[in-house]
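Colleague: Here the sequence shown stands for residues 2 to 183, where the numbers follow my numbering.
Since the hints were derived computationally from the structure, they do not count as laboratory data. From a predicted model like this one, the values you see are computed outputs, not experimental measurements. Some hints could be false.
Within a straight-line C-alpha distance of at most 27 angstroms, the following computed DSS-like cross-link-like pairs (lysine-lysine) qualify [said to hold, decoys possible]:
#: 1; residue 1: LYS135; residue 2: LYS39
#: 2; residue 1: LYS51; residue 2: LYS27
#: 3; residue 1: LYS120; residue 2: LYS27
#: 4; residue 1: LYS51; residue 2: LYS120
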Amino acid sequence: MFEDVDKDGTISSPNDLVGLKELTQKYYGGIQNSVRFKNFQVDFLFQFVKQTGLTTPYYFMPGFVGANQPTSVLNRWQKPGDLQPMAKYSRSIISYLNYFSKGLISDLAIGDASFIRLKNVSVSYSLPAFLTKKLRMHDANIYLLGQNLWTITGYDGLDPESQGIDGLPPLRSVTMGIKLTF
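From just these sequences and the hints, can you work out the full model?
Modeller: Right under this line is the structure:
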C-alpha cells in the first residue's frame with residue numbers, strides 16, 4: 002500500500018517517503034559451552050540475532066522471464082479486491098519495473114530476518130593415558146568439527162545472515178581429524 006503523504010495527488014519520492022523500520026540488528030549474541038565426560042568432550046556455539054531485513058518478495062516479480070520463483074509467489078494477487086503481498090503475474094517489463102520501483106520505496110521488502118544458528122560444534126575423544134604411553138605419545142585425540150550445521154528462522158530467502166538473492170549462506174562444513182602429540 003502506498004500513501005500520498007504530502008497530498009499532492011501523486012505518489013513520489015522523497016516527498017511521500019516515510020521511515021518504516023531500521024534495517025539493523027536489534028540485538029545479537031551467542032551461547033557457548035563445553036561438556037566433558039570421561040574421555041569425550043563436546044563444545045558448541047549457538048548464535049542468535051533479532052533483526053529486520055530484506056525479504057524475498059522484493060527480489061522476485063511473479064511471472065518475470067528468467068526469474069526462478071519461490072513458493073511465496075503462490076500467495077499472489079489474482080482478482081480485484083485481493084490483498085496479497087505479491088503482485089499479479091504479468092508479461093510486461095513496464096509492470097515489472099513499476100513493481101520493482103514501488104517495492105524499493107515500500108515495506109514490501111522489509112520483514113523479520115531473525116535467526117538462531119548452530120555456528121560451531123566439535124566432538125572429540127582422547128585416547129586413554131595408558132594407551133598413549135604404550136604408543137610413546139604424550140596425547141592422542143580424534144575429533145569431528147562442524148560449522149553452520151543448523152539454522153532456525155522464519156526468513157524466506159536463502160539465508161537471514163547474508164540476505165538477498167546474491168548473498169550466499171555461510172559455508173556449511175564438516176572436518177574430521179586426528180591430533181597426535183609426541
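Colleague: Confirm or reject each hint.
Modeller: Cross-check of the supplied hints:
Pair hint LYS135 plus LYS39 holds up; C-alpha atoms about 20 angstroms apart against a cutoff of 27 angstroms. Restraint check for LYS51 and LYS27: satisfied, since their Cα atoms lie roughly 5 angstroms apart, inside the 27 angstroms limit. Annotation: proposed proximity of LYS120 to LYS27 holds, straight-line Cα distance about 19 angstroms (limit 27 angstroms). Distance hint between LYS51 and LYS120 is fulfilled; the C-alpha atoms sit about 16 angstroms from each other, no more than 27 angstroms.
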